[in-house]
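Student: Model the full structure from these sequences, guided by the hints.
Top to bottom, those sequences are chains L and Z. Residues in the first sequence are numbered consecutively from 0, following numbering that gives the first Met the number 0. Residues in the second sequence are numbered consecutively from 0, following numbering that gives the first Met the number 0.
Calculated from the structure, these hints are not laboratory results. There may be inaccurate statements among the hints.
Label pairs and their in silico Cβ distance ranges [claimed, not checked]: (1) L:Gln115 to Z:Val15: 51 to 59 Å; (2) Z:Ser46 to L:Gly166: 40 to 48 Å; (3) L:Arg27 to Z:Pro40: 40 to 48 Å; (4) L:Asp93 to Z:Val103: 19 to 27 Å; (5) L:Pro256 to Z:Ser80: 17 to 25 Å; (6) L:Ala120 to Z:Arg41: 20 to 28 Å.
Residues on chain L that point at chain Z, a partial pick, calculated with CB under 7 Å [stated by the list, open to error]: (7) Met54; (8) Glu55; (9) Ser81; (10) Gly84; (11) Val85; (12) Ile162; (13) Gln205.
Just so it is clear, CB atoms sit at the ideal spot from N, CA and C, and this is done for glycine as well.
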Amino acid sequence: MRRLIAIVVLLTTPSLLHAGEIPPAERRSGYSFMAPDTKAMQDDDTANPGMLWVMEGEGLWAKKDGASEKACADCHGDARESMKGVATRYPAFDQTLGQPVDLEQAINLSRARHQQASPLAHESRELLALEAYIAEQSRGMPIAAGADPQLAAFVEKGHDLFIAREGQLNLSCANCHDDNWDKRLAGSAITQGQPTGYPLYRLEWQSLGSLQRRLRGCITGVRAQAFDFDSPEMVELELYLMTRAAGMPIEAPAVRP
Amino acid sequence: MAALINVPAKARRGDVIEIKALTSHIMETGYRRTAAGEIVPRDIITSFTCRFNGTEIFRADFFPALAANPFLSFFMVANDSGKFDFEWIGDHGFSTTASASLSVVE
Numbered sequence: 000m001r002r003l004i005a006i007v008v009l010l011t012t013p014s015l016l017h018a019g020e021i022p023p024a025e026r027r028s029g030y031s032f033m034a035p036d037t038k039a040m041q042d043d044d045t046a047n048p049g050m051l052w053v054m055e056g057e058g059l060w061a062k063k064d065g066a067s068e069k070a071c072a073d074c075h076g077d078a079r080e081s082m083k084g085v086a087t088r089y090p091a092f093d094q095t096l097g098q099p100v101d102l103e104q105a106i107n108l109s110r111a112r113h114q115q116a117s118p119l120a121h122e123s124r125e126l127l128a129l130e131a132y133i134a135e136q137s138r139g140m141p142i143a144a145g146a147d148p149q150l151a152a153f154v155e156k157g158h159d160l161f162i163a164r165e166g167q168l169n170l171s172c173a174n175c176h177d178d179n180w181d182k183r184l185a186g187s188a189i190t191q192g193q194p195t196g197y198p199l200y201r202l203e204w205q206s207l208g209s210l211q212r213r214l215r216g217c218i219t220g221v222r223a224q225a226f227d228f229d230s231p232e233m234v235e236l237e238l239y240l241m242t243r244a245a246g247m248p249i250e251a252p253a254v255r256p
Numbered sequence: 000m001a002a003l004i005n006v007p008a009k010a011r012r013g014d015v016i017e018i019k020a021l022t023s024h025i026m027e028t029g030y031r032r033t034a035a036g037e038i039v040p041r042d043i044i045t046s047f048t049c050r051f052n053g054t055e056i057f058r059a060d061f062f063p064a065l066a067a068n069p070f071l072s073f074f075m076v077a078n079d080s081g082k083f084d085f086e087w088i089g090d091h092g093f094s095t096t097a098s099a100s101l102s103v104v105e
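Tutor: See below:
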């Protein structure tokens with residue numbers, strides 16, 4: 000009987016997990032690799048510099064903008080209610096564009112469609128502040144991106160990018176973050192590259208930054224030409240990373256070294 | 000600009016309390032150059048003051064080596080209830096304030 004159950008389990012579950020992927024029980028947030036001091040910084044909302052952006056985002060949420068003279072709050076109401084869990088579902092499929100958009104793109108699309116406002120620039124203080132404020136409403140909630148069947152092809156493309164070797168160092172994301180996450184590179188932990196805390200405050204950046212900024216840094220690190228901000232490849236990678244971290248709790252705004 | 004203050008709301012008379020203050024600032028050193036070779040002008044906080052009921056209890060001068068979004072932590076003996084006033088002053092007329100209250104019980 001036990002053998003029969005084992006076969007049934009084998010037949011039903013493996014399709015969800017690609018070869019070499021980290022099994023759910025072994026998934027670890029970047030938080031678990033950090034020194035106690037850095038953990039303490041993230042855990043204390045009055046010591047976590049990311050909360051400065053959250054505060055600013057709360058102000059922007061209620062601020063009227065664009066030709067419509069409307070604020071985010073005029074349509075969405077109290078973000079603490081309406082934005083709960085939203086960040087766990089991004090990147091999500093946009094019906095009009097017919098492709099996935101990440102949370103920052105969704106903010107800018109909403110600005111264009113409903114506020115008649117100009118898009119906020121990538122890594123600008125305002126965009127990061129709004130994103131941080133929205134993401135913070137999902138703190139502790141499990142990541143649930145990629146469930147929409149319309150996203151399946153894009154998740155697959157993201158996975159292909161994740162395992163594709165590139166750059167002068169000829170490394171793929173998977174070479175480090177699937178195969179060697181329990182090791183160190185020079186003095187630093189390699190980590191699994193789980194996107195649980197974005198936008199997050201990196202001490203190295205001395206600022207809050209987006210997942211796209213982090214990915215571009217990593218791609219440049221293997222001496223490859225980084226994808227442009229908001230390019231389809233970027234969003235597919237983000238989407239794959241979020242599905243790879245399915246079920247892990249959102250920590251935004253996290254602190255990382 | 001935003002600031003985050005962490006002061007206990009209540010303390011017993013004679014307790015040593017920790018005061019934590021975090022503020023938002025880029026702390027541009029003035030030593031960096033742009034891709035075109037021009038110096039990025041210095042833009043830092045130069046001084047921080049904490050007053051309790053009007054009396055200065057802590058002051059710090061800041062210099063370019065300090066990280067962005069500076070975080071300070073210091074201690075005080077809680078003798079009276081009262082109000083903390085925090086003030087950051089910096090280059091290009093930068094100034095920001097915050098406050099917090101403490102109530103001391105026997």
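Student: Please name the hints from earlier in the document that this structure breaks, with their numbers sorted from lowest to highest.
Tutor: Per hint list: 4, 5, 9, 10, 11 and 12 violated.
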